[in-house]
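Taken in sequence, the protein lines are chains R and V.
Counting along the first sequence from 1, when you hit position 106 you're at 106 in the working numbering, and nothing is skipped either side.
One gets the working numbering by counting positions in the second sequence from 1 and adding 404 to each.
Derived from the structure by calculation, the hints contain no laboratory data.
Positions of the beta carbon are idealized from the N, C-alpha and C atoms, including for glycine.
Any given hint could turn out to be false.
Simulated restraints, written as ranges between beta carbons of each label pair [said to hold, decoys possible]:
#1 V/K670 / R/K23: 20 to 28 Å
#2 R/G13 / V/K711: 40 to 48 Å
#3 R/A66 / V/K715: 16 to 24 Å
2 protein chains.
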Amino acid sequence: MFQVNDNFQKLPGSYLFSTIAKKVSAYQQENPDKNLIRLGIGDVTQPLAPAIIKALHAAVDEMGAAETFHGYAPDLGYEFLRSAIAKNDYESRGCDISADEIFVSDGAKCDSSNIQELFSADCKIAVCDPVYPVYVDSNVMAGRTGVYDAKTEMWSNVIYMPCTMENGFVPEFPKETPDVIYLCLPNNPTGTTITKSQLQEWVDYANKNGAIIIYDAAYEAYISEDDVAHSIYECEGAKTCAIEIRSFSKNAGFTGVRLGFTVVPKDLKRQDVSLHGMWARRHGTKFNGAPYIIQRAGEAVYSEEGKAQLKEQVAYYMKNASVIKSGLQEAGYTVFGGVNAPYIWLKTPDQMNSWEFFDYLLANANVVGTPGSGFGPSGEGYFRLTAFGSYENTVAALERIKKM
Amino acid sequence: MFQVNDNFQKLPGSYLFSTIAKKVSAYQQENPDKNLIRLGIGDVTQPLAPAIIKALHAAVDEMGAAETFHGYAPDLGYEFLRSAIAKNDYESRGCDISADEIFVSDGAKCDSSNIQELFSADCKIAVCDPVYPVYVDSNVMAGRTGVYDAKTEMWSNVIYMPCTMENGFVPEFPKETPDVIYLCLPNNPTGTTITKSQLQEWVDYANKNGAIIIYDAAYEAYISEDDVAHSIYECEGAKTCAIEIRSFSKNAGFTGVRLGFTVVPKDLKRQDVSLHGMWARRHGTKFNGAPYIIQRAGEAVYSEEGKAQLKEQVAYYMKNASVIKSGLQEAGYTVFGGVNAPYIWLKTPDQMNSWEFFDYLLANANVVGTPGSGFGPSGEGYFRLTAFGSYENTVAALERIKKM
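Just chain R, same shape as in the assembly (with noise of 0.2 Å):
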């Protein structure tokens, strides 16, 4: 008699995200002259860059002809797109990783989620807190996780890292150690990251406890300041401790595109196995490589056109974060994130819960955002504003803000 995967049944209600939209659908459906801003879902509004539609539209013709069609790619990726990453994205920067290091795929949500089978049934997971809720969830699934309290809205088998105001968003090494540690830097949803020497030590701490990291760089893009690293490999010692994971889809606009890649370096062994060659096993068992277009869209984002037009769109949504971040200061909230991030994190005023200021907002400004306490426990009593609407959408929705 067929059983199913009981841990599904562990996972309490909705997804964060289907509750916003139906508190929002219900808004709209009881004030439809009211006329919405949407500041919540971290997904982009700009359009592909010309460089890249090129690329997208040279690549379908390809596959119009049989001299130039591409049937199953390569699973781990085309050469020439992982040639690129390396270069563009490692080499730059000092970091000595390879083409054949490079695990090209259909997004970060998924590498996110799958990277977790390469971890025995037993490993303890540390996140920080509040996080994408991705991380503890497919931990869930797998049945790592433990009970969990609805009270503490907590894990009993997960360690939580709190990043709040008190420690300036930095996360502590934890009492207990761990057997993985996700850190995602700069940080959604705080908007928040840590410096490279910060970096360093918590890849010295993994080296010296056996520990893995999970680093997640989705926001590398948008980092301005010079002592923040965009990869964790500038960081010495992380090849033998880390796996890193990127995505297109917030420095090129490709939340509907789908095109990430995971660096898994030969270094990393555990028990004398090459998690290089695990992750290689899976990605060519279970996955059938991302589509040539696609991938040809992906080369283009390094080409000099590509590169030079990304810039201004990061620059687009940068300007916005700023025009978030000062207007609420103006406005009298206490903000933190939008330097090195798209996101700007706020402190809910009168002691209003996250959920709450969310209504308030919604009610009072029409402006729809995030409540913190969706990532984790210790997200409550904050509230995240993403910069990826269009400009005049973001000026407006501080205008209404700043009259609250």
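Given chain R, put chain V in place with the hints provided.
Coordinates of chain V only, in the frame set by chain R:
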């Protein structure tokens, strides 16, 4: 201290097609003057149909303008594609499957390896033997298959259902009742299939025993005989026991485009848990949708223009199948498949084993095929040729084989 998932280490040797590639490359190096014809891998060679190219270009243009740009797709797929699938693949065949029971993905390989995440850890699986290796390998990685015996090439905790010329390639109900039954029909690698009434017996068996059928219908477009079901939902009662996986790879040449879907009926429940709900949660947590432009290409598969062009493409490959089948028969081989599938399965002559015949064919006809033993122990003594080459190459290959 981090420990790896040691189930990965249980996987024997390298992937079948890597071994073939190495052997072929070695032969080519020693014989640089020989012109090899590859009828081994199930990869298509015809370019994408004009209707699909047109849809891709149009969707790329949409992505280049702010007003028509598409960010994150709905996790479960765009409504326009799900509706087209429901109407054309199910309604048209009298199957009561609604659009919201269809989950769009980036390909059937991913779905058929990820689907096991819904099973409890102690579920026992049954597979046809020989079979597409992904079903077993994905369960090995999840720790469900027991111990591998290198001599018999079998896993201690997998139920094998031999499909050989002795039973007409029709799997028999196993002695031990499985929890999950994988059926790929028309079958890869044998190219054979079963009648709709034989499939109905499997549906009845699963419902009676509380088992679940994972039905891989990737080759459905190649069915030419009337008494063969295109979908398992043509059988009565299938909605309470079966999940169906479909691909655009073989009917529309999408091996390098990446699109597929899985049907999980809402009636499919176990222990009061909806498998539809579980798969939706899995998609929402671990997947971010197939690319917008690729889903538009999928929609074009169902346009009148697309359907006409793809009917010709399938006919092209089936003409190759017929060339292979009749050519082999003329040369005195015992041959199966090739009528409802693009694969031809032949009995190796003169008591040769599968790999001996591989070497013999490579050396004497310079034709590359796939050893049947690579698909499971009951594939020993058989050999697979595919119809996915060009017509000219296929004819040339058979001329060489006839002269052998």
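Taking the hints in turn, this is what the structure says about them:
no.	hint	in the structure
1	V/K670 / R/K23: 20 to 28 Å	26 Å, holds
2	R/G13 / V/K711: 40 to 48 Å	43 Å, holds
3	R/A66 / V/K715: 16 to 24 Å	18 Å, holds
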